[in-house]
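Asker: Read off the chains here:
Protein chains: 2
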Amino acid sequence: MFTGLSAFPLTPITASGVDEQGFIKILARLTAAHVDSMGILGSTGSYAYLTREQRKRIATLAKQHAGDIPMMVCVGAVSTDAILHLADDAQAAGANALLLPAVSYQSLRDEEVFSLFETVTRYVSVPVCIYDNPGTTHFTFTDELHGRLSSLEGVRSVKIPGVPDSPAAATERVEALRQHLRPGVTIGISGDAYAGLGLNAGCEAWYSVCGGLFPETAKQITEAAAVQDHERVTALSARLEPLWAQFRKHGGSIRVIAAAAGVLGLTDTDCLPRPLRPLSASDIADIAHVIATLELK
Amino acid sequence: MFTGLSAFPLTPITASGVDEQGFIKILARLTAAHVDSMGILGSTGSYAYLTREQRKRIATLAKQHAGDIPMMVCVGAVSTDAILHLADDAQAAGANALLLPAVSYQSLRDEEVFSLFETVTRYVSVPVCIYDNPGTTHFTFTDELHGRLSSLEGVRSVKIPGVPDSPAAATERVEALRQHLRPGVTIGISGDAYAGLGLNAGCEAWYSVCGGLFPETAKQITEAAAVQDHERVTALSARLEPLWAQFRKHGGSIRVIAAAAGVLGLTDTDCLPRPLRPLSASDIADIAHVIATLELK
Numbered sequence: 005m006f007t008g009l010s011a012f013p014l015t016p017i018t019a020s021g022v023d024e025q026g027f028i029k030i031l032a033r034l035t036a037a038h039v040d041s042m043g044i045l046g047s048t049g050s051y052a053y054l055t056r057e058q059r060k061r062i063a064t065l066a067k068q069h070a071g072d073i074p075m076m077v078c079v080g081a082v083s084t085d086a087i088l089h090l091a092d093d094a095q096a097a098g099a100n101a102l103l104l105p106a107v108s109y110q111s112l113r114d115e116e117v118f119s120l121f122e123t124v125t126r127y128v129s130v131p132v133c134i135y136d137n138p139g140t141t142h143f144t145f146t147d148e149l150h151g152r153l154s155s156l157e158g159v160r161s162v163k164i165p166g167v168p169d170s171p172a173a174a175t176e177r178v179e180a181l182r183q184h185l186r187p188g189v190t191i192g193i194s195g196d197a198y199a200g201l202g203l204n205a206g207c208e209a210w211y212s213v214c215g216g217l218f219p220e221t222a223k224q225i226t227e228a229a230a231v232q233d234h235e236r237v238t239a240l241s242a243r244l245e246p247l248w249a250q251f252r253k254h255g256g257s258i259r260v261i262a263a264a265a266g267v268l269g270l271t272d273t274d275c276l277p278r279p280l281r282p283l284s285a286s287d288i289a290d291i292a293h294v295i296a297t298l299e300l301k
Numbered sequence: 005m006f007t008g009l010s011a012f013p014l015t016p017i018t019a020s021g022v023d024e025q026g027f028i029k030i031l032a033r034l035t036a037a038h039v040d041s042m043g044i045l046g047s048t049g050s051y052a053y054l055t056r057e058q059r060k061r062i063a064t065l066a067k068q069h070a071g072d073i074p075m076m077v078c079v080g081a082v083s084t085d086a087i088l089h090l091a092d093d094a095q096a097a098g099a100n101a102l103l104l105p106a107v108s109y110q111s112l113r114d115e116e117v118f119s120l121f122e123t124v125t126r127y128v129s130v131p132v133c134i135y136d137n138p139g140t141t142h143f144t145f146t147d148e149l150h151g152r153l154s155s156l157e158g159v160r161s162v163k164i165p166g167v168p169d170s171p172a173a174a175t176e177r178v179e180a181l182r183q184h185l186r187p188g189v190t191i192g193i194s195g196d197a198y199a200g201l202g203l204n205a206g207c208e209a210w211y212s213v214c215g216g217l218f219p220e221t222a223k224q225i226t227e228a229a230a231v232q233d234h235e236r237v238t239a240l241s242a243r244l245e246p247l248w249a250q251f252r253k254h255g256g257s258i259r260v261i262a263a264a265a266g267v268l269g270l271t272d273t274d275c276l277p278r279p280l281r282p283l284s285a286s287d288i289a290d291i292a293h294v295i296a297t298l299e300l301k
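If you're matching them up, the sequences are chains A and B in order.
Using our numbering, the first residue of the first sequence is number 5, and each one after it goes up by one.
Using our numbering, the first residue of the second sequence is number 5, and each one after it goes up by one.
To be clear, the hints were calculated from the coordinates, so they are not data collected in a lab.
All C-beta atoms, glycine included, are put in the ideal place defined by N, C-alpha and C.
Warning: the hint list may mix true and false statements.
Between beta-carbon pairs, the in silico distance windows are [as the list claims (entries may be wrong)]:
#1 B/G269 to A/P138: 36 to 42 Å
#2 B/E235 to A/R281: 44 to 50 Å
#3 A/T35 to B/A180: 52 to 58 Å
#4 A/G269 to B/A172: 55 to 61 Å
#5 B/A172 to A/E115: 38 to 44 Å
#6 A/R281 to B/E179: 30 to 36 Å
#7 B/R113 to A/A242: 27 to 33 Å
#8 A/K301 to B/S170: 56 to 62 Å
#9 A/P74 to B/D147: 46 to 52 Å
#10 B/Y127 to A/G188: 47 to 53 Å
To be clear about the criterion: a stretch of chain B counts as covered by chain A if any three or more of its residues have a C-beta under 8 Å from a C-beta of chain A, and this derived list gives those stretches [claimed, not checked]:
#11 46-59
#12 78-89
#13 116-126
#14 247-258
#15 272-282
Looking at chain A on its own, in the form it has when it is part of the complex (with noise of 0.2 Å):
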């Protein structure tokens, strides 16, 4: 399950909490698609705003519309307790995979992140993937610690925050990586922006935000990587460029994909957890506009 699209849905969370029925509706379109899997409580999908049973509420409520599309389910905390039992929680709800970042408050060492890993791995029962997203945990993967996290048995993916802007710099970066990494351990891209260098890369999946709300478009880019048509991926990636850069406007994914989940008439436009608030009306407005003239889907 750790190759091709996976699509990382947003959680709405409106004035009134988990919109389930906005969530179910975003669900429908991943699995009308047939995404390769799905990546559950995601950053965007605001895992680290929820309780403990908003978590394994929204988990098994996936899970019950995942129809045959493997699970994975992001575990993220700053505690291991807290990792553990969100591990038995998404467990209990059909997780095929959990997702595992180092969330940090105090400054975590390369020996400390080791242990985690090593703990988390021992506990489950299911294979394990790398989140390494130094933006919002704080903790920065060095490629030697990548490389004996994935000696572990349970681990089977790493999912990479980005690559170089260039094919040649791009593949320079995930050969590099693949060096240190046990055989059979796949890299994973997603930064939307950088799927398509990624893919081009050789990396075996696309960890997707846009393939959460959009996954006809995403799946047209995976399915191109797949035949190794890199121009073809070149070509899709650049179209998606006015998507980019309503990303890169809004210091990140989240906030569009809640401004475009509320445009697609699946939620309210304003179903971000506080404190985040919503994008103002003429930036929604933008969003419409990109979503309408790229025809996203």
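Use these hints to put chain B onto chain A, whose structure you have.
Answerer: Quick look at chain B alone, frame taken from chain A:
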């Protein structure tokens, strides 16, 4: 309560959970030293690693053992809902004030942080201290935002992370911030190595990790500051340089203070919440040497 020595104790967390007896022993040192206030569940108090129930229990325990010393409780969390629940619990436990950081997962905008403080100060009935700690929360307050926040009726103090490394620059920094603050809102220094500089520069409080374990030592400094004996403040702080060097060496104070609490026999030397791990035996021996040489108490 936002002046003088505000002592921030460690919450010792051993293999069997929160070490309540150890915590009570640490509190006893603070009451014996008659610190001016206590800051419970600060960063060194590991608030970020504990469940709501654990935090409620610790605040309750602290109040039971605080005597007549005012108690501030940190209610930091990523989500606003969680913060409001923690504020309920802290107030029910008898908190005299709340300490509120801007903990980020997705990066926060100034307007979102302002709304958060507006929501919390309207909701609670005790005063609030702004907790400015970019090293752990990854949100940087501007002086303008501190100024806007200080206009909220409940805001009564700002805990700043440090000052520039010279007396003149430190004074300039504190005066610049004060220009923005509503009169009567105090400024408290943290980052213990900066305490002497900050107090001499006009900070009315020291929000002190050192004072959470070595209150007699820390109180000498705030008492010298209270009588404007700048030279003594500088000399007393300079004398503690070997302790500040330990903080620098270990990337902050928490691992050093945890080791020190173990050295003093108040709890285990391994008393940090996982994934954090204790220092090595050799590092702990160095800390024991610093405690003995400086006669920290």
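Asker: Run every hint past the structure and note whether it holds.
Answerer: Consistency of the hints with the structure:
no.	hint	in the structure
1	B/G269 to A/P138: 36 to 42 Å	holds (39 Å)
2	B/E235 to A/R281: 44 to 50 Å	holds (49 Å)
3	A/T35 to B/A180: 52 to 58 Å	holds (56 Å)
4	A/G269 to B/A172: 55 to 61 Å	holds (60 Å)
5	B/A172 to A/E115: 38 to 44 Å	holds (41 Å)
6	A/R281 to B/E179: 30 to 36 Å	holds (33 Å)
7	B/R113 to A/A242: 27 to 33 Å	holds (30 Å)
8	A/K301 to B/S170: 56 to 62 Å	holds (60 Å)
9	A/P74 to B/D147: 46 to 52 Å	holds (50 Å)
10	B/Y127 to A/G188: 47 to 53 Å	holds (51 Å)
11	46-59	holds (count 5)
12	78-89	holds (count 5)
13	116-126	holds (count 5)
14	247-258	holds (count 3)
15	272-282	holds (count 5)
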